[in-house]
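Engineer: One letter stands for each residue in the lines below.
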Amino acid sequence: MAASANQLRINLAINDTVHGLDIDPRTTLLDLLRETLDLTGTKKGCNHGQCGACTVHVNGQRVLSCLTLAALCDGVQVRTIEGIGTPDDLHPMQDAFIAHDGFQCGYCTSGQIMSALAVLEEPWGPDAAAIKEAMSGNICRCGAYPNIVAAVQEVRKGLEVDRNA
Amino acid sequence: MREFALIRAETADAAIAALTAHPNARLIAGGTNLVDLMKEGVETPTHLIDINGLGGLDDVQARGNGGLMIGALASNSAVAWHSDVQVRFPMMSEAILAGATTQLRNMATMGGNLLQKNRCFYYANHAARCNKRAPGSGCDAMDGVNRMCAVLGTSDHCIAAHPSDVCVALRALDAVVHVTGVNGHRAIDFADFHKRPGDTPHVEFELAHDELILGIEVPGLPFAANSTYLKLRDRTSYAFALVSIAAALKLEGDTVDDVRLAVGSVGTVPWRSADAEDAMRGAPATAETFAKAADIFFEGAIPRAGNGFKIELAKRAIVRVMETLKERAI
Amino acid sequence: MNLESKVIGKPVSRVDGRLKTTGTAQYSADQRPSEDRPMHAVLVKSGIPSGRITGFDLSAVQGMDGFVRFLSHLDGALIRSIKNPADGSFAAGEEYTPFESDRVDFVGQHIGLVVARALETAEAAAKAVVVKYEASTARIAFDSPDAEVRQPILYNTGEELQVSRGDVDAALAKATHTVQATYTTPIEHHNPIEPSATLAVWDGDHVTVYDATQGSVNDKNYVAFGMSLDPENVRVLNPFIGGGFGCKGFTWPHSLIAAAAARVLDAPVLLVLSRKDMYTSCGHRPYTEQEVTLAADTDGVLTATRHLTDSYRSPVGDHVEPCGLTTAMLYRCDNLEVAHNVRVLNRPSGTPLRSPGEAPGTFALESAMDELAEKLGMDPVELRRRNHTDIDQRNGRKWSSKHLLDCYDRGAERIGWARRRAPGTWREGKDLVGLGMATACYPGYRTPTQTRLTLDRDGTLHVAVAVQDIGTGLYTVLAQMVADRFRTSPDTVRVLIGDSDLPPGPLAGGSMTTASVAAAVDDACRVLSETLRARLVKIGKTLGNEPLVVDGGALRTGALSVPMTELIPTGSPAIAAEGGTNDIYGFAGGVETDKSFYSFGAIFAEVRIDRDYGIIRVPKMTGVFDVGRVINAKTARSQMLGGMTFGIGMALMEETFIDDKTGRFVNPSLGEYYVPVNADVHELDVEMLDIPDYDFNPFGARGLGEISNVGASAAIANAVYNATGIRVRHLPIRLDDLLEGLPR
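Chains as they are written, first to last, in the numbering used here: chain A, 10 to 174; chain B, 4 to 333; chain C, 5 to 748.
Careful: at least some of the hints might be erroneous.
Claimed, not checked - BS3-like, lysine-lysine: derived pairs with alpha carbons at most 30 Å apart:
#1 Lys280(C) - Lys120(B)
#2 Lys318(B) - Lys434(C)
#3 Lys14(C) - Lys136(C)
#4 Lys136(C) - Lys166(A)
#5 Lys638(C) - Lys10(C)
#6 Lys638(C) - Lys624(C)
#7 Lys120(B) - Lys379(C)
#8 Lys166(A) - Lys14(C)
#9 Lys14(C) - Lys120(B)
#10 Lys434(C) - Lys10(C)
#11 Lys198(B) - Lys318(B)
#12 Lys166(A) - Lys379(C)
#13 Lys136(C) - Lys665(C)
#14 Lys198(B) - Lys295(B)
#15 Lys178(C) - Lys379(C)
#16 Lys295(B) - Lys379(C)
#17 Lys329(B) - Lys434(C)
Keep in mind the hints are simulated off the structure, nothing from the lab.
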């Protein structure tokens, strides 16, 4: 809910649904998702771009929603964890995270998965060192890192197989 | 966050007009640093001018002379992965990829990177004294936790280290910053763009309030194809540098024909030493030559209680980077 | 029986995995329980380390659009005065009643609350409140000369903090080989990625609190006390918690503040702590100075041990970092002295952080053992073998199940210990390579736990207990335990936890939940089995002694198979049973037994250190653990990975700085306090001996959340010594500690 007298109109697509919203210019994309739209799958860990828990895709690229002003999101396409899969219809990356136990408390997991999906589209090399570096913007305090890397690698290899098929 | 009004600028002229009209306005592009500081209350603009709609500033253009023109709104990621950048100026690509994280690099623009604020522990902390944030209040870093602070270019008022990675590479490459403002366009040598603290640590850039960055020109430098960026830090990734090296080397037989060397996180600005480079040019490409240049580089360095190690660390890094480039050149 | 189980010990994927990977698991700040959108609250915290508040200037706040209310001690008694322990019903992190008085004891103390309709307004308003103070003398520096120094008698487990046996001085006087050194460990913060958050919703005299807590029952009693309510009128819900590591273990004032604000405003109030709030609102691991003296004869047999720990507490928090407790029990030694001094300083309160005492304590003890081995010219593993004992050194009892020697053997083999060379002599390319090791151990705790089991008509078993899964895998482990007893699949078990209205269970701390619920679940399963057998007889069935099997829509035993629909006719309630235990193990006043309960392990680390830069990498760590029966191989391994990763952070990067003049933490953010990122973590090799400890509980499990962090920093520090010949006696070990002395 915006409180400022100084309201601003934005239109943006979130998980393919277009929203027209009047917002406080101070509102971050993260708070807009969570507090206005109740899309609470995206998490606030630090609110200062230092943990990666709030990672979402904007126009196909992974960004930190806590440092993104919603006011600058007029006309953009946002994808959040809610737009990836559901408990009854998991994305292969979500399946891989479960199979490899790529999380413990689960709080950083939405951000990890949004990053993991982006990594597959980014020009990183295939080796584990590249995946680790590419995933280093998402802190997991529970320490699931080796399992996260295993999950990403499994999906990547699956894609390679698919592409070769 | 303090309330502000948003102005969407579609042209540079509109942005300049908005800046001129509002003395406490700030431009915003990626916002990774500005929004963070606004949340902390360190930046309290009355107006934000959104310049993301300015056309034609988000690409990387290869120049015929081997150089590049990089638009101010090009994202850090776009530049880092750009093939011309990777081939012509590997140090620049490596520097960008060594900085922050993919999420931040996707957001952050090149122009914004030039304007990023320091990461001294006392800067964004309102309760601490900081001459950059609150001129005249004092500097708690002097006798505080200053392990990350600078040893070169410091003053009695500020010892904050310049935090950027890519600016170290741009300094080594003699980049030129193109800006525009009320008084028209001008080109600023990279060496002049960042200001040492002196008596006015809060004055950080050679950029007037009404000016905005249009692009960064990187002049052609064929031997920069043999260049690299080394970043040493406390954590393998997602950490600011303790010391970083941007260097390029050209050999003529066993002799240094030409060289570029800039060191990051040791100076209050991205640091370069003409004397150190001169000491290498024409000299045998040996560890002794590189070590001597490293010593020259740090002549006049002033360590504090916590950061003296940076000098020795950087010297070793200079020698090793030069040795690496030498092997690659042969 | 367990060892043949189809589910116990298996790598079952988390039953809550689909919720956690799709963003549908609801943590405290995600809850949207009512149509009324919650008001947003932001804390105002003290800016001085000692003194009193003389007033608040709200002039910049009052005009803010959507600002609702500012609350402070000027609003009268909103919260009943907290004494710790008040009535024994809860354990609070601080004996501090927010908004009770004008007194300030440390920087970051909660002195006010801004409530607004929108988060943006609340945040801006909290920054705009001007607090006026009258400062008084503060003791902040660790060596403040006039700080009160206490010698606490007991740790919060009831264990003695000042221990003496034999004659240390006499043994030292005769000793041929001694080492004595002081080791320090820094202030560390838990930094779970989920900040603490409390959503309070009142309905008349009843309050529901969605709280990020590691203990819903403890929290319920705390809120009830603070709000002057019967505990039945408080319900704490915590179905998902985004990590805790101790900072959500005991209760903290913000939970009361949120509840009080919601009551005053008659509206739901959501208080989410900022990352910066987290540094001063819910504890930290205090800085410690530990002097360790060890003496041994020429065979390496310890003849004297002294471990003196100096640390601090805040004026309102009584946490002691109990570094010497491990030393008192671990190695055979007849002459021993363990002491803990605590200075009272105007610093934020400490609290347990993953393996409190054990983690910093073993850094000191196990570093000293490494130094002693060096002095004796003895292999460090061999030194530990020679001082191994099957007797708990504190009380002469036998260990219930101890296979530490096997841990040493397996660990040495897995890391390739035979490769180890003399300090500073192993070079590979630009790297100096070294190996180090340390012993790990952690107490086995169990507390009273009750459990309700229900079998419904479609053959689903429901298990309900007021415990919480902070990432440990408890949802899954509970499903496995129940499934095991009814020879069914974990898929047929529904787990209900994270609700203080359920039968009471322990808080998630001290690695005690699994062992505690194991006993309760076993008992509840027994009761349910008896109930089911009685029901079968009642409906005319003839039973043998074969076990009951819940098999889809039927209950089977032997050749008998009865459809659930026949067992539970239409309209009849599901069959319920309650069971549990009031037994306490590991804490003072617990069950009288002739055994002691501890988990053991050995941690080995390989480091590679750039010989020019001193940058330390840990390419491999091996941990071999004797933690009783492993219930879930997958989630147990994950906990060990997490603990070892904590160890890497503790060893190499984690440190909070405090400004001795102002009492402020200097780097209260995840950008300035480094925890390991993905690229810091390489091969983590874990082996569980998996030997059941049925003396401890019917499933044979001991805890395993903390032990993998114990000894990890010492193993790395010892490996650094082995690689470089440089002994660093403080944490974290960073490149500037090595730069000058590196053997280049």
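Engineer: Does each hint hold? Answer for all of them.
Structural biologist: How the hints compare with the structure:
A distance of roughly 20 Å separates the Cα atoms of Lys280(C) and Lys120(B); the hinted pair therefore holds under the 30 Å criterion. Only pairs whose Cα atoms come within 30 Å are accepted, and Lys318(B) paired with Lys434(C) is accepted, the gap being roughly 16 Å. Among the hinted pairs, Lys14(C) with Lys136(C) is inconsistent with the structure: their alpha-carbon atoms are about 60 Å apart, more than 30 Å. The hinted pair formed by Lys136(C) and Lys166(A) fails the criterion: a straight-line CA distance of about 61 Å is larger than 30 Å.
Restraint check for Lys638(C) and Lys10(C): the C-alpha separation of about 15 Å stays at or below 30 Å, so the hint holds. Distance hint between Lys638(C) and Lys624(C) is fulfilled; the C-alpha atoms sit about 20 Å from each other, no more than 30 Å. As the CA atoms of Lys120(B) and Lys379(C) are separated by approximately 50 Å, the hinted pair breaks the 30 Å bound. Between Lys166(A) and Lys14(C) the CA atoms are separated by roughly 26 Å; this keeps the pair inside 30 Å, and the hint holds.
Between Lys14(C) and Lys120(B) the alpha-carbon distance is near 52 Å, which puts this suggested pair outside the 30 Å criterion. A hinted pair counts as satisfied when its Cα atoms are at most 30 Å apart, and Lys434(C) with Lys10(C) does not qualify at roughly 50 Å. Between Lys198(B) and Lys318(B) the alpha-carbon distance is near 24 Å, which keeps this suggested pair within the 30 Å criterion. Simply put, Lys166(A) and Lys379(C) have alpha-carbon atoms about 51 Å apart, too far for the 30 Å limit, and the pair is violated.
Proposed proximity of Lys136(C) and Lys665(C) is supported: the alpha carbons are some 19 Å apart, at most 30 Å. Proposed proximity of Lys198(B) and Lys295(B) is supported: the alpha carbons are some 27 Å apart, at most 30 Å. For a cut-off of 30 Å, the pair hint linking Lys178(C) to Lys379(C) stands: about 17 Å separates their Cα positions. For the proposed pair Lys295(B) and Lys379(C), the alpha carbon gap of about 41 Å is over 30 Å, so the pair is violated.
Straight-line distance between C-alpha atoms of Lys329(B) and Lys434(C) comes to about 17 Å, which keeps the hinted pair within the 30 Å bound.
Against the hints set out earlier in the document, violations occur for numbers 3, 4, 7, 9, 10, 12 and 16.
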